[in-house]
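Number of protein chains: 2
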Amino acid sequence: MKIIRSVKEMQDQAILLRSQGKTIGFAPTMGYLHDGHIALMRQARKENDIVIASIFVNPLQFGENEDFDKYPRDEARDRKIVEKEQVDILFLPDISEMYPNSMGVTMDVVSRIGVLCDRNRPGHFKGVITVLTKLFHLTQPSRAYFGLKDAQQVAVVDLLVTDLNFPIEIKMVPTVREPDGLAKSSRNVYLTEQERLESKHLYQALQLGKQKIIDGQKNPVMIVNEVKTYLKQNITGKIDYLELLSYPTLSPVNLIDEQVIIAVAVQYSQARLIDNIIVTP
Amino acid sequence: MKIIRSVKEMQDQAILLRSQGKTIGFAPTMGYLHDGHIALMRQARKENDIVIASIFVNPLQFGENEDFDKYPRDEARDRKIVEKEQVDILFLPDISEMYPNSMGVTMDVVSRIGVLCDRNRPGHFKGVITVLTKLFHLTQPSRAYFGLKDAQQVAVVDLLVTDLNFPIEIKMVPTVREPDGLAKSSRNVYLTEQERLESKHLYQALQLGKQKIIDGQKNPVMIVNEVKTYLKQNITGKIDYLELLSYPTLSPVNLIDEQVIIAVAVQYSQARLIDNIIVTP
Numbered sequence: 163m164k165i166i167r168s169v170k171e172m173q174d175q176a177i178l179l180r181s182q183g184k185t186i187g188f189a190p191t192m193g194y195l196h197d198g199h200i201a202l203m204r205q206a207r208k209e210n211d212i213v214i215a216s217i218f219v220n221p222l223q224f225g226e227n228e229d230f231d232k233y234p235r236d237e238a239r240d241r242k243i244v245e246k247e248q249v250d251i252l253f254l255p256d257i258s259e260m261y262p263n264s265m266g267v268t269m270d271v272v273s274r275i276g277v278l279c280d281r282n283r284p285g286h287f288k289g290v291i292t293v294l295t296k297l298f299h300l301t302q303p304s305r306a307y308f309g310l311k312d313a314q315q316v317a318v319v320d321l322l323v324t325d326l327n328f329p330i331e332i333k334m335v336p337t338v339r340e341p342d343g344l345a346k347s348s349r350n351v352y353l354t355e356q357e358r359l360e361s362k363h364l365y366q367a368l369q370l371g372k373q374k375i376i377d378g379q380k381n382p383v384m385i386v387n388e389v390k391t392y393l394k395q396n397i398t399g400k401i402d403y404l405e406l407l408s409y410p411t412l413s414p415v416n417l418i419d420e421q422v423i424i425a426v427a428v429q430y431s432q433a434r435l436i437d438n439i440i441v442t443p
Numbered sequence: 163m164k165i166i167r168s169v170k171e172m173q174d175q176a177i178l179l180r181s182q183g184k185t186i187g188f189a190p191t192m193g194y195l196h197d198g199h200i201a202l203m204r205q206a207r208k209e210n211d212i213v214i215a216s217i218f219v220n221p222l223q224f225g226e227n228e229d230f231d232k233y234p235r236d237e238a239r240d241r242k243i244v245e246k247e248q249v250d251i252l253f254l255p256d257i258s259e260m261y262p263n264s265m266g267v268t269m270d271v272v273s274r275i276g277v278l279c280d281r282n283r284p285g286h287f288k289g290v291i292t293v294l295t296k297l298f299h300l301t302q303p304s305r306a307y308f309g310l311k312d313a314q315q316v317a318v319v320d321l322l323v324t325d326l327n328f329p330i331e332i333k334m335v336p337t338v339r340e341p342d343g344l345a346k347s348s349r350n351v352y353l354t355e356q357e358r359l360e361s362k363h364l365y366q367a368l369q370l371g372k373q374k375i376i377d378g379q380k381n382p383v384m385i386v387n388e389v390k391t392y393l394k395q396n397i398t399g400k401i402d403y404l405e406l407l408s409y410p411t412l413s414p415v416n417l418i419d420e421q422v423i424i425a426v427a428v429q430y431s432q433a434r435l436i437d438n439i440i441v442t443p
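Residue numbers (our numbering), protein chains in the order written: chain A, 163 to 443; chain B, 163 to 443.
Think of the hints as simulated: they come from the structure by calculation, not from any bench.
Nothing here was measured: the structure is a model prediction, and the numbers come from that model.
Hints should not be assumed to be uniformly reliable.
Because identical chains share one entry, a pair is satisfied inside a single copy or across any pair of copies.
Dumping the calculated DMTMM-like pairs for lysine to aspartate or glutamate here, alpha-carbon to alpha-carbon at most 20 Å [as the list claims (entries may be wrong)]:
1. K372 x E245
2. K394 x D342
3. K311 x D211
4. K288 x D270
5. K242 x E355
6. K170 x D280
7. K184 x D174
8. K374 x D229
9. K362 x E331
10. K380 x E331
11. K170 x E331
12. K372 x D229
13. K333 x E209
14. K374 x D236
15. K333 x D174
16. K390 x D197
17. K242 x D419
18. K164 x E405
19. K394 x D320
20. K232 x E171
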């Protein structure tokens, strides 16, 4: 496995590989890798000649009061994981490589926001699409892999690629879960023992909602209320949001007759957990 | 010469060419081609395996009161010109191909603006960088060619490519002029006979300014005043701006000790002319 830290070297290498007719699969991450990230690399490995993974904790997507400084990092451990997954190139730029100057060109998202995580993290997706635009230009992927745990991120990336005509196929990879159902996340390490025990109920609540839709319930308000009641009975964390929206357009629905997402965010003492389930009625 | 109108076909073709190791030179235009555009195609022809030219009058870069509807168009004539210049692919998308939906992702420029053409065309460069991002993704150029007549555009495109890490070399092509010095422009057809005669003084005024710098004048105010006086004595059009700034950063200078641009815009009855000269002291 080759480790590249320079943006110029990364781009030269990627351009060379594409000019040789190779396909490139790209898995962008912020590191502190878990099975969710590994799933991205494994699917990329199956579908492409070359796999590039990146680790970059992007300051642009953290709010002023968010956890950029304390976001968990462990490069040595991450390198071993990536190497084991037969990734060809690990791109590890530092901040001065990615943002040598303040940005003179800015990007923003005006659709698929104002709901879910965007409510409490204004500017977050602006930072996400900016860094992804840069990473896409640097790694030249044929296909890029994103986990469905961050379902709003996937919806926004889908919009980015469509609206700006990136020549990239976006691959949505199912959420990887702990045996009890908790979605894997780098932030799970911040849960207390009690919080970790009860956090399995997030996914169970979402599955309850899904079952209601399968059973024929078409009223989103009824479903949201039932799921919320279940959550309140089973968890102590504060429900940040619980929403049922069309997917991937993320618009409110009056009647469930298209693909929808039920998404939840719960704030615990030191960690904010998100999870979701996508249902086609 | 191949004519392509579909964005998908254009992108598939460009990706295929790059995967075969070919270099692509790209000349984006809004059509109604003149010698300035031809210079872009000729330089691209010399430096690349494949030359792609595009003709697309981009509504996003026209202000509400600007000349989008009456911007001159002549596809049949343009096609002949492009063919003669041995362009391999002419990309001719219509608006519904380029903007099938309203944009959910937006772009903006925050540096190198607030001066020159941006003063009177708010939002213009926002439209320019958005369409260029799309065109770059569709045509996959190794090198893209821009005329220095639109010097602020070149400076902004340089920023776009640098800040977002586009894998593209931006080539600045010198302004092509009429025998009397008037910079070639699609908008010159709107000059009256009298305006056309006196318009040669724009370039003469700029050359006067350049000569002052070469002669050792380091005070930008003195130079701007002399050039302005010359213009007022020789033209009837309204001076929209006359500015001396650093280039390509477009910042005010107190003392001329780096590369600068002297740029002018003149409003005539039916046409707004711009011109500039870049000087290294």
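* Unsatisfied constraints (hint numbers, rising) -> 1, 3, 5, 6, 8, 9, 10, 12, 14, 16, 17, 18, 19, 20
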